[in-house]
Amino acid sequence: MTDAELVERTLAGFEDGFRTLVARHQSSVYNLLVRMLRNPALAEDLAQDTFLKAFSHLRSFDPRFKFSNWILRIAHNAAIDTIRRRGPRESSIDEPEPGEQRRIDEALVDPRSDDASKRMEQRDLARVLDVALERLRPEYRQAVVLRYQEDLSYEEIAEITGVPLGTVKSNLHRARSEMAEFLKRHGFK
Amino acid sequence: MADMSDWDADELTRWLAAERDDACDQADALFARVASSHWRPLEAPAGLEARIMAAVPTRRPAFDLAAPWWVRLTVASALLVLGLAPAAISPGLLLDLASNFVTVLARLTHGVVTSGSAVLGVFGVSWTLLTAVGRAAVVVTTTGAAPMLIVANLLVASAAFFGLTRLLAPREECS
Chain A
1 MTDAELVERT
11 LAGFEDGFRT
21 LVARHQSSVY
31 NLLVRMLRNP
41 ALAEDLAQDT
51 FLKAFSHLRS
61 FDPRFKFSNW
71 ILRIAHNAAI
81 DTIRRRGPRE
91 SSIDEPEPGE
101 QRRIDEALVD
111 PRSDDASKRM
121 EQRDLARVLD
131 VALERLRPEY
141 RQAVVLRYQE
151 DLSYEEIAEI
161 TGVPLGTVKS
171 NLHRARSEMA
181 EFLKRHGFK
Chain B
1001 MADMSDWDAD
1011 ELTRWLAAER
1021 DDACDQADAL
1031 FARVASSHWR
1041 PLEAPAGLEA
1051 RIMAAVPTRR
1061 PAFDLAAPWW
1071 VRLTVASALL
1081 VLGLAPAAIS
1091 PGLLLDLASN
1101 FVTVLARLTH
1111 GVVTSGSAVL
1121 GVFGVSWTLL
1131 TAVGRAAVVV
1141 TTTGAAPMLI
1151 VANLLVASAA
1161 FFGLTRLLAP
1171 REECS
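Heads up: the sequence lines are chains A and B, in that order.
Just so we're aligned, residue 1 is where the first sequence starts under our numbering, counting upward by one.
Just so we're aligned, residue 1001 is where the second sequence starts under our numbering, counting upward by one.
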């Protein structure tokens, strides 16, 4: 069943339609929220709010568009509201948060050492990418997550985040540059 | 975590080199490959779906064919009774009911028309008041130096808006 059919089924009063939509999209929504907010408990609460909001506004969903983009847009707006309420707590790439340096050290095994196996490098690279992502500004983080984890086009990202296409490209460019810089500083060449 | 066969250290090196050389399209494609090999999205925690569904307000279907047999039987019986009822009513009673219905409908229409005319009356007064205020505003803004001041203000505001838009617009570095 397509997402649009599931929406119709939900609107007809069948709960299982919405349950399937939640099962299909909960990971994308949760992933975006955790990456943006850096707080799993808060992300879980907002994921719930996101789906409840979607449920109550389901009649306004236009089936010509993708449900996944619609729900990610709701999640994005919820995260932005929360970040605005919390204030600018995000750190710059040059200022590790307290305790973060330990996490970086744990994640890193010197990749230049001769005995670092490929598996170790692979695992460590994933963890270092996580840390590098966490240190980006929220708008960069969301662009990276939507582009490289949700595999969305620039146009779709612009539609979800409500920013111009040029800004999406700039944000991604800057985000990748900062992540590359971070990796280089930690021994990846 | 990706399979070992996905691992290609060269991709990482090439991505970092592309970033250094500002080769945007290449860097985008290479980072996408690095990310798909090594970097998985986070899974939703167990129980999130149940939590969401527990919070969703229950909405009953209009008519569920999969409902229990006794629900379907009750609905069918109700429909049957409703369908048979008119046949059991005598023509005289039916005429009485119809005339009562017409009377109620006429009263309702009269009430609606009366309320409508009252609303129109209030609207007429408001319209007169608004046109008087509008005329006064036109007189004030077209007398003496007022038009010049208004035009000057509009020009300054437009220049400020244009300048701010240019200043705050993000610079596209990679298109």
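Read the hints as simulated data drawn from the structure, not as lab findings.
Glycine residues also receive a C-beta, built at the ideal position from the N, C-alpha and C atoms.
Hints should not be assumed to be uniformly reliable.
[What the hints assert, rightly or not] Some chain B residues close to chain A (C-beta under 8 Å, calculated; not the full set):
no. : residue
1   : 1042
2   : 1056
3   : 1120
4   : 1163
[Said to hold, decoys possible] A few chain B residues that don't get close to chain A, going by computed Cβ distances all over 12 Å:
no. : residue
5   : 1012
6   : 1015
7   : 1036
8   : 1089
9   : 1093
10  : 1105
11  : 1111
12  : 1124
13  : 1160
Outcome of the hint check:
1. Below 8 Å, beta-carbon pairs count as interface contacts, and residue 1042 of chain B has one with chain A at about 5 Å; its hint therefore holds.
2. Taken as an interface hint, residue 1056 of chain B checks out: its beta carbon lies about 5 Å from the nearest beta carbon of chain A, inside 8 Å.
3. Taking 8 Å as the C-beta contact cut-off toward chain A, the hint placing residue 1120 of chain B at the interface is violated, the least distance being around 34 Å.
4. Violation of the interface hint for residue 1163 of chain B is found here, the shortest Cβ-Cβ separation to chain A being roughly 19 Å, above the 8 Å cut-off.
5. With a minimum CB-CB distance of about 6 Å to chain A, residue 1012 of chain B fails to clear the 12 Å threshold, and the non-interface call is violated.
6. Residue placement check: residue 1015 of chain B does not keep its beta carbon more than 12 Å from all beta carbons of chain A (closest about 7 Å).
7. Interface exclusion of residue 1036 of chain B from chain A breaks down, the closest Cβ pair being 8 Å apart, not more than 12 Å.
8. The beta carbon of residue 1089 of chain B sits about 34 Å from the closest Cβ of chain A, which is more than 12 Å, so the claim that it is off the interface holds.
9. The Cβ of residue 1093 of chain B lies farther than 12 Å from every Cβ of chain A, with a closest approach of about 38 Å, so its non-interface assignment holds.
10. With a least CB separation of 33 Å from chain A, residue 1105 of chain B remains clear of the 12 Å interface cut-off, as annotated.
11. No Cβ of chain A comes within 12 Å of the Cβ of residue 1111 of chain B; the nearest lies about 33 Å off, and the non-interface call holds.
12. Look at residue 1124 of chain B: its CB is around 37 Å from the nearest CB on chain A, clear of 12 Å, so calling it non-interface holds up.
13. Residue 1160 of chain B, annotated as away from the interface, keeps every beta carbon of chain A farther than 12 Å; the closest lies near 21 Å.
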